[in-house]
Amino acid sequence: MQSTVFTAIFLPLVLASIMFGMGLSLQLKDFARLAKLPKPIFVGLFGQMLLLPALAFAIALAFNASAQIAIGMMLLAACPGGSTSNLLSHLAKANLALSISLTAITTVICVFTTPFLIAFSINYFSEGEPVEFSLLKTSLGLIVITLVPVALGMLTRHRFINIALRLEPIFRKLAIVFMLLLIVKISFDEREMLVEGFPDLYLFTIGLNLSATLLGMLLAKLFLLNQKDRITLGIEVGTQNATLAILIAVSFIQEPAYALIAGGYGLMMYLGAAGLVLYSRNKGVKE
Numbered sequence: 016m017q018s019t020v021f022t023a024i025f026l027p028l029v030l031a032s033i034m035f036g037m038g039l040s041l042q043l044k045d046f047a048r049l050a051k052l053p054k055p056i057f058v059g060l061f062g063q064m065l066l067l068p069a070l071a072f073a074i075a076l077a078f079n080a081s082a083q084i085a086i087g088m089m090l091l092a093a094c095p096g097g098s099t100s101n102l103l104s105h106l107a108k109a110n111l112a113l114s115i116s117l118t119a120i121t122t123v124i125c126v127f128t129t130p131f132l133i134a135f136s137i138n139y140f141s142e143g144e145p146v147e148f149s150l151l152k153t154s155l156g157l158i159v160i161t162l163v164p165v166a167l168g169m170l171t172r173h174r175f176i177n178i179a180l181r182l183e184p185i186f187r188k189l190a191i192v193f194m195l196l197l198i199v200k201i202s203f204d205e206r207e208m209l210v211e212g213f214p215d216l217y218l219f220t221i222g223l224n225l226s227a228t229l230l231g232m233l234l235a236k237l238f239l240l241n242q243k244d245r246i247t248l249g250i251e252v253g254t255q256n257a258t259l260a261i262l263i264a265v266s267f268i269q270e271p272a273y274a275l276i277a278g279g280y281g282l283m284m285y286l287g288a289a290g291l292v293l294y295s296r297n298k299g300v301k302e
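The numbering of the sequence shown is the numbering used here, which starts it at 16 and goes up by one.
These are calculated hints, taken from the structure and not from any lab test. We put the CB at the ideal spot given by N, CA and C, even for glycine. The reader is advised that the hints may include incorrect statements.
FRET-style restraints, in silico, Cβ to Cβ [to be verified]:
1. Phe-61 - Ile-24: 17 to 27 Å
2. Arg-206 - Ala-47: 40 to 50 Å
3. Met-208 - Lys-51: 14 to 24 Å
4. Glu-144 - Leu-76: 30 to 40 Å
5. Leu-239 - Ser-149: 35 to 45 Å
6. Leu-196 - Lys-54: 16 to 26 Å
7. Leu-180 - Asp-204: 34 to 44 Å
8. Asp-204 - Glu-144: 39 to 49 Å
Please model the complete structure; the sequences and the hints are all you need to start from.
Structure follows, in structure tokens:
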């Protein structure tokens with residue numbers, strides 16, 4: 016895919032604005048909470064950073080996924096969290112503080128882990144000559160597009176809290192709208208491949224979402240976390256930053272085929288979370 020104004024300028028700028036909006040919802044105490052409540056946060060990080068990629072890898076191998084789907088799933092697993100999971104945790108009356116803290120910490124960690132996981136996936140699953148992929152370029156790009164805007168958003172909240180509180184819901188809504196528009200564009204541009212990949216594409220996205228959500232719940236139960244934390248980790252492990260995954264595929268790797276699974280997941284990832292939201296709101300969750 017040739018670099019265009021959309022992939023080289025517009026897409027990174029919009030994602031940077033989304034990350035700025037996410038920064039408006041974060042505070043330094045969200046990072047400091049790691050020292051106060053280490054167990055649920057470490058369990059969540061273990062699920063998101065290690066078990067989720069392992070799950071995507073196992074599904075790709077077990078069901079003999081094509082190279083595009085396998086790499087797309089691994090790319091998606093390398094981009095956990097995002098502000099969407101915070102909204103879903105709020106709707107589910109789960110542990111919002113835990114959700115926000117995981118989002119804050121994984122945003123920093125993924126700048127360093129995501130490029131290596133992508134490089135491994137491309138080298139392992141590629142059929143024929145792997146596409147060119149630069150670890151350094153991707154790491155620097157993620158710093159500019161994620162960490163810097165998040166830091167600016169946090170600084171804005173610290174200095175102008177009233178303005179930040181008014182702007183944050185607006186940015187959150189724009190993030191959802193932009194993700195949907197991005198999915199539509201990718202689907203239209205790659206419609207032939209989308210048709211060829213049906214129904215495998217949707218089966219893999221639904222399977223990954225439901226199994227990841229269940230994985231988060233079981234992991235929390237295994238470590239004897241309370242019910243609110245179980246709901247939270249189910250949402251966190253099952254909800255990925257699909258927009259970031261699409262950006263990496265389209266702008267950094269310049270392989271839109273890898274973005275198809277993220278586009279499908281951007282729609283299907285609400286299935287598992289919706290079940291948890293309905294369950295927690297109908298039954299209630301205990302501390």
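Results for each hint:
1. Phe-61 - Ile-24: 17 to 27 Å: violated (37 Å)
2. Arg-206 - Ala-47: 40 to 50 Å: About 47 Å separates the Cβ atoms of Arg-206 and Ala-47, which means 40 to 50 Å holds.
3. Met-208 - Lys-51: 14 to 24 Å: Cβ of Met-208 to Cβ of Lys-51: about 47 Å, so the range 14 to 24 Å is violated.
4. Glu-144 - Leu-76: 30 to 40 Å: Given range 30 to 40 Å: violated, Cβ gap about 21 Å.
5. Leu-239 - Ser-149: 35 to 45 Å: holds (43 Å)
6. Leu-196 - Lys-54: 16 to 26 Å: Since the Cβ atoms of Leu-196 and Lys-54 sit about 39 Å apart, the hinted range of 16 to 26 Å is violated.
7. Leu-180 - Asp-204: 34 to 44 Å: Cβ of Leu-180 to Cβ of Asp-204: about 37 Å, so the range 34 to 44 Å holds.
8. Asp-204 - Glu-144: 39 to 49 Å: violated (23 Å)
The structure does not agree with the numbered hints 1, 3, 4, 6, 8 stated previously, though it agrees with the rest.
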